[in-house]
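Novice: Going line by line, the protein sequences match chains A and B.
Sequence positions in the first sequence follow the working numbering and run 1 to 483.
Sequence positions in the second sequence follow the working numbering and run 1 to 483.
No wet-lab data here; the hints were simulated from the structure.
For clarity, every value in this text was computed on a predicted model and none was experimentally measured.
A couple of the hints might just be wrong.
Said to hold, decoys possible - Derived pair list, reagent style DSS-like, types lysine-lysine, alpha-carbon separation capped at 25 Å: (1) K447(B) / K53(A); (2) K11(A) / K459(B); (3) K11(A) / K172(B); (4) K58(B) / K9(A); (5) K301(B) / K11(A); (6) K53(A) / K132(B); (7) K52(B) / K9(A); (8) K98(B) / K52(A).
Unchecked claim - Non-contacting residues of chain A with respect to chain B, defined by C-beta distances greater than 12 Å in every case (computed): (9) E12; (10) V13; (11) S37; (12) L46; (13) Q135; (14) V174; (15) K177; (16) D222; (17) D236.
Ideal Cβ positions, reconstructed from N, Cα and C, are used throughout, including at glycine.
Listed below are the residues making up each chain.
Protein chains: 2
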Amino acid sequence: MISNSFLTKFKEVWAISHAMRLMGWDIETYMPPEGISYRAEEMATLNSMRRKKLLEIKADVEHLEPRDDMEAGIKRVLWREIRYIDSVPEEVDAEINKLSAESAVVWRDARVKNDFSSFKPYLDRMVELKVKVAQLLGYNDHPYSSLLDLYEEGLTVNEADGIFGSLLPDLKRVLQKVEAEGRFNSPSGLEDEPYPREIMEGVVNEIAYDVLRMPRGKFRIDSSPHPFTTGINRHDVRITVRYEGFDFKRALYSLIHESGHAIYELQMDESLEFTPLAQAPSFGVHESQSRLWENNIGRSKGFVGLIYPRLKPLVKGKSVEEVYRYLNAVRPQPIRVDADELTYNFHIAVRYFAEKKLIDGSLGVSELPEFFDDMLEEYLGVRPKSYSDGVLQDIHWSHGSFGYFPSYTVGNIVAAVIYHHMDFEDDVIRGGKLEVVKDWLREKVHKFGATYPPKELLKRSFGEDYNPTRLVDYLERKYVGTE
Amino acid sequence: MISNSFLTKFKEVWAISHAMRLMGWDIETYMPPEGISYRAEEMATLNSMRRKKLLEIKADVEHLEPRDDMEAGIKRVLWREIRYIDSVPEEVDAEINKLSAESAVVWRDARVKNDFSSFKPYLDRMVELKVKVAQLLGYNDHPYSSLLDLYEEGLTVNEADGIFGSLLPDLKRVLQKVEAEGRFNSPSGLEDEPYPREIMEGVVNEIAYDVLRMPRGKFRIDSSPHPFTTGINRHDVRITVRYEGFDFKRALYSLIHESGHAIYELQMDESLEFTPLAQAPSFGVHESQSRLWENNIGRSKGFVGLIYPRLKPLVKGKSVEEVYRYLNAVRPQPIRVDADELTYNFHIAVRYFAEKKLIDGSLGVSELPEFFDDMLEEYLGVRPKSYSDGVLQDIHWSHGSFGYFPSYTVGNIVAAVIYHHMDFEDDVIRGGKLEVVKDWLREKVHKFGATYPPKELLKRSFGEDYNPTRLVDYLERKYVGTE
Chain A
1 MISNSFLTKF
11 KEVWAISHAM
21 RLMGWDIETY
31 MPPEGISYRA
41 EEMATLNSMR
51 RKKLLEIKAD
61 VEHLEPRDDM
71 EAGIKRVLWR
81 EIRYIDSVPE
91 EVDAEINKLS
101 AESAVVWRDA
111 RVKNDFSSFK
121 PYLDRMVELK
131 VKVAQLLGYN
141 DHPYSSLLDL
151 YEEGLTVNEA
161 DGIFGSLLPD
171 LKRVLQKVEA
181 EGRFNSPSGL
191 EDEPYPREIM
201 EGVVNEIAYD
211 VLRMPRGKFR
221 IDSSPHPFTT
231 GINRHDVRIT
241 VRYEGFDFKR
251 ALYSLIHESG
261 HAIYELQMDE
271 SLEFTPLAQA
281 PSFGVHESQS
291 RLWENNIGRS
301 KGFVGLIYPR
311 LKPLVKGKSV
321 EEVYRYLNAV
331 RPQPIRVDAD
341 ELTYNFHIAV
351 RYFAEKKLID
361 GSLGVSELPE
371 FFDDMLEEYL
381 GVRPKSYSDG
391 VLQDIHWSHG
401 SFGYFPSYTV
411 GNIVAAVIYH
421 HMDFEDDVIR
431 GGKLEVVKDW
441 LREKVHKFGA
451 TYPPKELLKR
461 SFGEDYNPTR
471 LVDYLERKYV
481 GTE
Chain B
1 MISNSFLTKF
11 KEVWAISHAM
21 RLMGWDIETY
31 MPPEGISYRA
41 EEMATLNSMR
51 RKKLLEIKAD
61 VEHLEPRDDM
71 EAGIKRVLWR
81 EIRYIDSVPE
91 EVDAEINKLS
101 AESAVVWRDA
111 RVKNDFSSFK
121 PYLDRMVELK
131 VKVAQLLGYN
141 DHPYSSLLDL
151 YEEGLTVNEA
161 DGIFGSLLPD
171 LKRVLQKVEA
181 EGRFNSPSGL
191 EDEPYPREIM
201 EGVVNEIAYD
211 VLRMPRGKFR
221 IDSSPHPFTT
231 GINRHDVRIT
241 VRYEGFDFKR
251 ALYSLIHESG
261 HAIYELQMDE
271 SLEFTPLAQA
281 PSFGVHESQS
291 RLWENNIGRS
301 KGFVGLIYPR
311 LKPLVKGKSV
321 EEVYRYLNAV
331 RPQPIRVDAD
341 ELTYNFHIAV
351 RYFAEKKLID
361 GSLGVSELPE
371 FFDDMLEEYL
381 GVRPKSYSDG
391 VLQDIHWSHG
401 SFGYFPSYTV
411 GNIVAAVIYH
421 HMDFEDDVIR
431 GGKLEVVKDW
441 LREKVHKFGA
451 TYPPKELLKR
461 SFGEDYNPTR
471 LVDYLERKYV
481 GTE
């Protein structure tokens with residue numbers, strides 16, 4: 001049974017977490033740039049307090065005898081976090097954070113200069129530290145499994161190998177058909193088309209508030225170079241959108257993607273607030289919601305038809321079918337963040353296999369650039385022209401977030417599983433009845449927060465979990481089917 | 001000597017304070033409105049943690065034997081805060097905060113409906129609680145002195161009586177001369193003139209960045225109905241400005257006033273960060289900086305001449321002399337926040353005398369409205385037409401901040417003292433060399449933070465403290481002199 005002192009201490013953890021989320025959001029949006037020096041200190045100090053508070057309730061959590069699913073969830077989620085804090089000394093985490101901050105600066109410069117060698121020593125040290133974390137946490141099959149589990153509870157190298165092993169040949173087959181057919185891979189002309197920012201902001205606001213019906217009292221939109229979502233609490237969720245000034249689908253889908261995350265945060269059950277369950281069970285499950293709205297729903301014929309009238313100022317007289325193809329263009333190229341829905345998972349696979357080998361020591365950091373380029377060429381038939389377009393393209397490795405990339409593919413698969421099980425009338429999305437979709441998702445996924453581990457949640461609601469064939473079937477039907 | 005455990009604990013207090021300042025800023029600027037429910041919980045929890053941390057270092061602070069002025073300052077400032085926390089139980093503070101939140105809502109409604117009776121029970125309870133706080137803290141001469149001291153260290157009823165007793169007859173005399181002369185009290189026509197918000201925002205930005213040279217890397221401007229300044233840390237200071245759409249001087253001086261506060265925050269010595277000295281020694285001293293920039297500098301002939309070319313889109317062809325008189329118009333009327341620099345202190349005096357009597361029990365809340373109107377009429381010859389324009393005009397009493405208003409008059413006096421001692425060439429302000437003014441203020445006032453108590457700081461730098469004749473002389477010279 002949950003004790004009062006446990007609840008009091010946890011409320012302090014809860015308050016610190018909320019403060020840190022706001023501070024993180026502020027860094028990316030409104031903080032004057034020189035504020036970062038003390039902000040980093042403030043956040044490190046709060047994080048350290050948070051660690052201490054969690055360790056103080058270790059015994060309570062260990063001896064908690066859950067009376068229901070909610071208490072079982074609280075025990076599970078807290079235990080995972082306490083286990084991490086208890087296994088990985090604060091000094092190791094502090095070194096990772098410090099290295100990550102320095103390394104991100106070096107990475108930025110290295111990318112501009114196309115100079116892998118300046119970044120290499122930082123990546124070497126980061127890999128060492130992450131191997132140490134994997135050892136400290138322990139594992140059964142493979143050291144990388146302990147890092148995967150941090151982002152996707154229970155995901156192991158064995159399982160991930162199985163997922164990619166099943167997915168990649170099928171996706172390759174679909175991609176070849178798409179390329180042979182030519183329907184989706186010829187440029188529409190809109191890719192390079194500039195737009196005035198005010199116009200695009202107007203469209204973004206219309207789609208957010210009039211189409212997706214995001215709640216104005218609990219939600220806001222700002223802009224930042226790297227779009228993200230911050231759920232401060234159940235009544236305060238914020239996203240950012242990116243405006244590059246051309247190729248309007250990038251801004252449009254940054255909105256829809258982040259709104260998918262935001263809808264999840266907004267629809268967790270109010271009873272979960274003040275508990276550690278007011279979060280998604282995993283990064284992959286959270287990503288499934290952004291990808292579901294971005295791709296399965298947001299790029300569907302029905303949705304494109306629904307928003308087409310609002311895109312009028314941007315589409316230069318193209319027909320709805322032409323806009324549909326522009327929004328769904330498939331074209332292998334080396335940059336992950338520009339990848340389409342079909343080729344995206346090859347980019348993840350390259351990173352998955354590279355990380356696995358870096359962590360088990362079978363690939364050295366010095367061999368990474370060639371491995372990266374070779375794999376990309378093998379999967380997509382394109383070879384990066386430079387380090388900047390290849391191994392240096394992502395910031396994630398400078399942050400040491402090994403194990404994070406695979407959650408993107410998990411997200412895509414889970415989105416396809418969920419989409420498969422949606423049993424609405426055909427005209428729900430086309431007719432803009434998105435409240436029906438949101439309500440259904442609340443009942444099937446959102447309201448539970450982290451009460452159940454990811455696979456258990458999916459099995460309870462859909463009778464299956466990470467089934468890659470749902471993703472292949474969806475993509476095949478969409479791109480080479482007769483729809 | 002300061003121990004390590006003391007410093008570690010204080011750093012936690014420091015980090016919590018910074019988080020709470022950001023949370024407070026966010027409430028007024030960008031927070032989605034429904035976020036307030038959990039935000040209040042988050043802040044109450046953090047505040048409670050902050051109290052606990054401070055009590056944990058009580059013995060260290062008590063036994064600290066300062067080796068220099070800085071350690072003496074640390075001991076003094078922390079002891080004042082610990083004494084409060086130790087004397088006033090958390091339940092009393094929590095009740096005040098809860099009542100304050102409820103009471104502000106009731107006050108808003110009461111003001112709209114001109115209904116003092118609905119607000120009365122809340123104010124009754126608030127007075128009771130504040131009397132209790134005064135008793136818990138203790139006092140020598142008068143219970144209200146213990147509340148004054150919370151805002152203005154060392155200020156007592158005896159001293160404040162002396163200040164107002166000296167100031168009011170002199171101000172009355174100057175006001176009569178101004179009214180007899182008629183130079184400053186006839187409307188210019190600009191008072192009701194509307195402006196487009198974009199134009200005014202442009203002017204505000206020009207004056208902030210090109211005239212006042214606020215540092216873009218450490219400073220930002222947002223907008224809110226009630227302008228305020230938040231110093232998150234030495235490298236991150238934010239202000240808000242109010243745009244009402246007419247009478248542009250209101251927006252202009254909300255900028256200059258808040259920039260005065262911001263310059264103070266930005267110019268505290270870097271060595272004070274991580275200590276409790278990185279703050280002003282009192283509300284009055286902080287206010288002296290905003291009032292100095294707003295009035296003594298910002299409404300001077302030199303400054304008006306300096307910014308006149310930038311005001312061109314707003315002044316409808318008026319000459320610089322006409323604009324100077326518009327910006328310095330003197331006109332007694334019942335609303336404090338609209339008051340000019342000369343009549344402002346009468347508004348404060350009314351509130352000072354009312355608060356003193358409410359706290360010592362010689363005035364009941366039911367007698368307050370009439371007392372308020374009578375006093376205002378006596379001082380300014382105007383009588384509020386309604387509760388809304390009289391006793392209900394300010395939010396402060398709903399918050400229970402008894403003792404706060406007098407710091408406004410202290411601020412005006414201190415600004416005049418400082419202005420008197422400024423020994424620049426005549427053309428420093430007129431020529432826009434405001435860096436000279438900022439540097440001088442840094443050396444005389446800002447860099448010390450709260451190292452010395454307010455009066456000691458002033459005596460060290462200027463050889464005098466709250467000398468009301470400086471304010472009278474300044475106003476007399478300006479409004480009825482030959483300048």
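Novice: Next, verify each hint and record whether it holds.
Specialist: For each hint, the structure was consulted:
1. K447(B) / K53(A): Roughly 36 Å between the alpha carbons, so the hint for K447(B) and K53(A) is violated.
2. K11(A) / K459(B): Violated, because 47 Å separates the two Cα atoms, which is more than 25 Å.
3. K11(A) / K172(B): violated (55 Å)
4. K58(B) / K9(A): holds (22 Å)
5. K301(B) / K11(A): violated (56 Å)
6. K53(A) / K132(B): This hinted pair is violated, its Cα atoms lying about 34 Å apart.
7. K52(B) / K9(A): holds (13 Å)
8. K98(B) / K52(A): violated (29 Å)
9. E12: violated (6 Å)
10. V13: V13(A) not clear of chain B: closest Cβ-Cβ about 10 Å, inside 12 Å.
11. S37: Given that some Cβ of chain B is not farther than 12 Å from that of S37(A), nearest at about 6 Å, it is violated.
12. L46: Given a closest Cβ separation of 5 Å, the condition is violated.
13. Q135: Since the minimum Cβ distance to chain B is about 30 Å, Q135(A) lies beyond 12 Å and the statement holds.
14. V174: The claim stands: V174(A) keeps its Cβ more than 12 Å from every Cβ of chain B (closest is about 41 Å).
15. K177: holds (46 Å)
16. D222: Given that some Cβ of chain B is not farther than 12 Å from that of D222(A), nearest at about 8 Å, it is violated.
17. D236: Non-interface label fails for D236(A): nearest chain B Cβ at 3 Å, not farther than 12 Å.
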